[in-house]
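Visitor: Sequence:
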Amino acid sequence: MQAGGLMPHGEVGAENQLTAIADALARFDADLIVLRLHASGHENWRESRIAEKVRSQFDVATIVFYFDSDGQVVERDEAVDAKPDPHHTQQLELGWEEVGEALAALESSCVAVRIVERGDRERLVAVFRGHLGAPTRTKQPTLFWPVHAGAGDESDDVEDMGVYLERDRFHGSLSSPGRDVLHITQGPVIVNVRRI
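Each residue of the sequence shown is one higher than the one before, counting from 1 in the numbering used here.
Think of the hints as simulated: they come from the structure by calculation, not from any bench.
You can trust all of the hints, since none of them are fake.
Here are the simulated distance ranges between beta carbons:
| hint | residue 1 | residue 2 | range |
| --- | --- | --- | --- |
| 1 | Asp59 | Glu93 | 21 to 31 Å |
| 2 | Asp68 | Glu122 | 30 to 40 Å |
| 3 | Gly71 | Asp31 | 25 to 35 Å |
| 4 | Asp59 | Gly172 | 21 to 31 Å |
| 5 | Asp168 | Ile63 | 37 to 47 Å |
We treat Cβ as the ideally placed atom computed from N, Cα and C, and that holds for glycine.
All chains, please: the whole structure from these sequences, using the hints.
Guide: Structural data, given as structure tokens:
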């Protein structure tokens, strides 16, 4: 991959492939998903229709490499239905009000949220997904957008999951052109929100 100009990165994710991909896409705005699957006749139950599911759930170009039992590539399948954005690598800088507007535009959407704390090393604080609710003001000048795990789920144990936006800790934000991916910096904390 590196010889072909790609800079791959990997980590162990969730057991469910779609959840693992959604979690990874919450961390960064990928322009390509690469799947490595067994060739026809050698696939396992986890690989059944996974390429089709990935392509239908995520609007990211997807390439599938099919390998034989010797580890050799026997087929390559590039997504013909992928919709790569020619401006995909551009990121927009957003201020306080614009981030609030972008989050408001994502209300009722299914989102993946990843929260990391920067320091000597980046530390993962939380990864979760669900439907973004309407904001509430917790205390001035803090806004809170709850993320509900299930449709209509507003139980006390879920209510604390969400996106806090604190004016005095806000250091700016980057967004994809369609504002479907937000990277919000607040002090040492980075909150990534992605529509899924």
